[in-house]
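*Asks:* Residues 523 to 603 (my numbering) make up the sequence shown, in order.
The hints are simulated quantities; they were obtained by calculation from the structure and are not laboratory data.
Hints are supplied without guarantee of correctness; some may be wrong.
Unchecked claim - Just the calculated beta-carbon pair ranges, DEER-fashion:
(1) 579 to 543: 47 to 55 Å
(2) 576 to 546: 41 to 49 Å
(3) 545 to 565: 24 to 32 Å
(4) 569 to 534: 51 to 59 Å
(5) 583 to 559: 35 to 43 Å
(6) 544 to 564: 43 to 51 Å
Beta carbons are placed, not taken as given, at the ideal position from N, Cα and C, and that holds for glycine.
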Amino acid sequence: MWELILNEYNLTSATLQVAQMRAELVSIGEKERILRERSADREAYRYLLDAHRLSASASLLGEQGLSISPQDGGKDGQLAA
Numbered sequence: 523m524w525e526l527i528l529n530e531y532n533l534t535s536a537t538l539q540v541a542q543m544r545a546e547l548v549s550i551g552e553k554e555r556i557l558r559e560r561s562a563d564r565e566a567y568r569y570l571l572d573a574h575r576l577s578a579s580a581s582l583l584g585e586q587g588l589s590i591s592p593q594d595g596g597k598d599g600q601l602a603a
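All chains, please: the whole structure from these sequences, using the hints.
*Replies:* Below is the structure:
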């Protein structure tokens, strides 16, 4: 009798553990998916930002030519006024 009760308890306990493990795996999979999406979003943002910088640089060079001169820094590393 006790063996039947213990075996049933062990099966129930194992079933609960398996269900918990599956739930944790699903949670981990969801977190991984979110991280992949965020990584892809950041990569797309970097690409667009680089493209914007290149187009802005090209338009500045087109408008002002090559007459852009760097500004000298002061003694403390501050830009000259």
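*Asks:* Name the hints, by number, that the structure is in violation of.
*Replies:* Violated: hint 6 alone.
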